[in-house]
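Chains A and B are the protein sequences, given in the same order.
Start counting the first sequence at 1322; every next residue gets the next number (the numbering used here).
Start counting the second sequence at 1322; every next residue gets the next number (the numbering used here).
Where hints are given, some of them may not hold.
Since copy identity is lost for identical chains, a pair holds within one copy or between any two.
Simulated crosslink set (DMTMM-like; lysine to aspartate or glutamate; CA at most 25 Å straight-line) [unchecked claim]: (1) 1505 - 1473; (2) 1507 - 1544; (3) 1393 - 1547; (4) 1507 - 1402; (5) 1423 - 1343; (6) 1393 - 1554.
Keep in mind that the hints were calculated from the coordinates and are not lab data.
Protein chains: 2
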Amino acid sequence: MGAELSAEILRPKASGAFHSAEEVLAIRQAIRSGVFATHTSGLAGGNVQGNVVILPKADAADFLRFCHQNRKPCPVIALTEPGVSALQTLGSDIDIRTDVPKYHVWRDGQLAETPTDITHLWRDDLVTFVIGCSFSFEQALIEAGVPIRHIEQARNVPMYKTSIATTAAGPFSGPLVVTMRPMKAKDVIRAVQITSRYPEVHGAPVHLGDPSLIGISDLSCPDYGDAVDVYDDEIPVFWACGVTPQAALAQAKPSFCITHAPGAMLITDLLNNHLASF
Amino acid sequence: MGAELSAEILRPKASGAFHSAEEVLAIRQAIRSGVFATHTSGLAGGNVQGNVVILPKADAADFLRFCHQNRKPCPVIALTEPGVSALQTLGSDIDIRTDVPKYHVWRDGQLAETPTDITHLWRDDLVTFVIGCSFSFEQALIEAGVPIRHIEQARNVPMYKTSIATTAAGPFSGPLVVTMRPMKAKDVIRAVQITSRYPEVHGAPVHLGDPSLIGISDLSCPDYGDAVDVYDDEIPVFWACGVTPQAALAQAKPSFCITHAPGAMLITDLLNNHLASF
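Isolated chain A (complex conformation):
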């Protein structure tokens, strides 16, 4: 695959158009080779994307309990045995050591490295969690005629820490992190209906309207991702976000841990449409 072809494929498609299975493989190859190393918003819109948390086995049991206690932000869509880097249920060729565009490597709760490949860090005791991502329902929203501002503006989705506490499990605790999408009222109503069909990727919103009611003081200063424009006739709508574990990891300060960089997701072979209930 030449560089020109890859540049073309790596652009988000126009409204409603999917990347083919072949193109998704090409996108994954571009990620694997380090050519594509940024956020995946709007990319491979038909495919399930995942948040990633990789922890030593010693911490994984507590973290699984944390996910179970906080299923809205942390719906686990895949979980490996220690040391296994393949994720067969998400894609036959996926290798978690190479197939995330950008990783965050944490040591004692501090961000230590942001590599595009973690093969050099791999260990036999590492357990991988893949957690559903709200990018999965964005395609359904776009197909229903609901515009997504951060895709329109070619930005990463804005993410915020809230005043809503997660349920603690072992050392893991901390604030619920949310994504925000501003919409007109009629689209808010459609968005609640549509995203309710996707409980495995955060489902219905957790809040809408006044950001201060959930402890967000300034929408223009997200904690992760990019700010987007919010117009006067729009309502900000907030969904639980799979970056919530990263806030919990910052509190728990495990000696070693690897996550995706917020917004730079694992692209799987699963199709979003296959997740929908009703």
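On the provided structure of chain A, position chain B as indicated by the hints.
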């Protein structure tokens, strides 16, 4: 049935409790006899209530077309042949001439009378339309733990004319009328989910948030019904309302027409739960 018994029955029940079929018959008897002549909000919460429009056959065809073109505010749940006062599909003993708590009689578009019985006005050419009412989904909201302010405050629901135009049919046109229920954000999300299950009784909201975006300048001055308190941490949520035909009748000015008084509904034997989809 003694007056004491009827006074007891005519109080709305506590959250989640239904009136039995026998009690509903007693309520209808109290309405029929003129003892109960006010709004039915919170009453017979398990039962479908209906908006009523009675028109001469000459106007009924245009009006049916109006309902069909505006199905969100005007879902027709029953329609009679000319001159028939029974509504067998809604309740075996219903007589539309006596079983609405209070009627509005319109002549040339002007409110002429507000009787509790229209037997003296009945004609062989009158066609009755019964249109779904949002009271039907209130019981489902209460059962889901979503408080309804106007029931809490023992008032009629507030209703407003909006700047949203209906689709005209013959002489019938005019603004969409909406009901308003203020709620906290988490309840707004639940309310969209729950009311979406009830398309026959107006379904999902048509708007939420800033009232001025749909032409409502002051929530404390409803066009029909009673104002209710709206607290700082609440969002007003608006549903299409079966009083919309009354605004259309005010424009069309048919020589003769009878409706229910807003909020004073026909109580049927149908159960709201039987309307739910999903």
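Results for each hint:
{"no.": "1", "hint": "1505 - 1473", "verdict": "within (15 Å within a copy, 30 Å between copies)"}
{"no.": "2", "hint": "1507 - 1544", "verdict": "between (28 Å within a copy, 23 Å between copies)"}
{"no.": "3", "hint": "1393 - 1547", "verdict": "within (22 Å within a copy, 38 Å between copies)"}
{"no.": "4", "hint": "1507 - 1402", "verdict": "neither (45 Å within a copy, 37 Å between copies)"}
{"no.": "5", "hint": "1423 - 1343", "verdict": "within (22 Å within a copy, 67 Å between copies)"}
{"no.": "6", "hint": "1393 - 1554", "verdict": "between (28 Å within a copy, 23 Å between copies)"}
The structure shown violates just one earlier hint, number 4.
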